[in-house]
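Peer 1: Sequence:
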Amino acid sequence: MAKNAGFYTGFSIVNIGADTTIDIDYTGGTTGDESGVAIASGEALVRITDTAFADRFVGSGTVCGANPTDQLLVVVNELSATGTGDTFFTYNGFGFTP
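In terms of our numbering, the sequence shown is numbered consecutively and its last residue is 125.
If you're looking for bench data, these hints aren't it; they were derived computationally from the structure.
Wrong hints could be hidden among the right ones.
To be verified - Okay, the calculated beta carbon distance ranges per label pair:
| no. | residue 1 | residue 2 | range |
| --- | --- | --- | --- |
| 1 | G110 | G44 | 40 to 50 Å |
| 2 | F115 | D82 | 36 to 46 Å |
| 3 | G37 | F121 | 36 to 46 Å |
| 4 | V85 | D50 | 33 to 43 Å |
| 5 | V73 | D113 | 15 to 25 Å |
| 6 | S68 | G110 | 15 to 25 Å |
| 7 | A32 | G63 | 13 to 23 Å |
| 8 | G110 | E61 | 11 to 21 Å |
| 9 | S62 | G110 | 30 to 40 Å |
| 10 | T114 | G86 | 16 to 26 Å |
| 11 | A45 | D82 | 21 to 31 Å |
| 12 | G122 | G37 | 12 to 22 Å |
| 13 | G63 | G112 | 36 to 46 Å |
The C-beta atom is built at its ideal place from N, Cα and C for all residues, glycine as well.
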């Protein structure tokens, strides 16, 4: 989500396995996809959507490792800093076999 009712998201990807590459794919008509992003063992990558997408973007994303044995952790943070104080949510990614 980006620029939707004052909310935006960011996410972290942590590789707890061997060195690999990942693909990050978004839905909702965006062009922010990334392919073949190198991520070393123990490395973390962060992506922030606040300025990455058009106003009122609402969609989903997938992070896929190049190998079925890749071990990736994903944490998503959702923030609104409008008004007094802020509102903050966090949730995790989960693995699946398509």
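Peer 1: Confirm or reject each hint.
Peer 2: Tested hints:
no., hint, verdict
1, G110 <-> G44: 40 to 50 Å, "holds, 41 Å"
2, F115 <-> D82: 36 to 46 Å, "violated, 21 Å"
3, G37 <-> F121: 36 to 46 Å, "violated, 18 Å"
4, V85 <-> D50: 33 to 43 Å, "violated, 21 Å"
5, V73 <-> D113: 15 to 25 Å, "holds, 19 Å"
6, S68 <-> G110: 15 to 25 Å, "violated, 42 Å"
7, A32 <-> G63: 13 to 23 Å, "violated, 34 Å"
8, G110 <-> E61: 11 to 21 Å, "violated, 33 Å"
9, S62 <-> G110: 30 to 40 Å, "holds, 38 Å"
10, T114 <-> G86: 16 to 26 Å, "holds, 20 Å"
11, A45 <-> D82: 21 to 31 Å, "violated, 39 Å"
12, G122 <-> G37: 12 to 22 Å, "holds, 20 Å"
13, G63 <-> G112: 36 to 46 Å, "holds, 40 Å"
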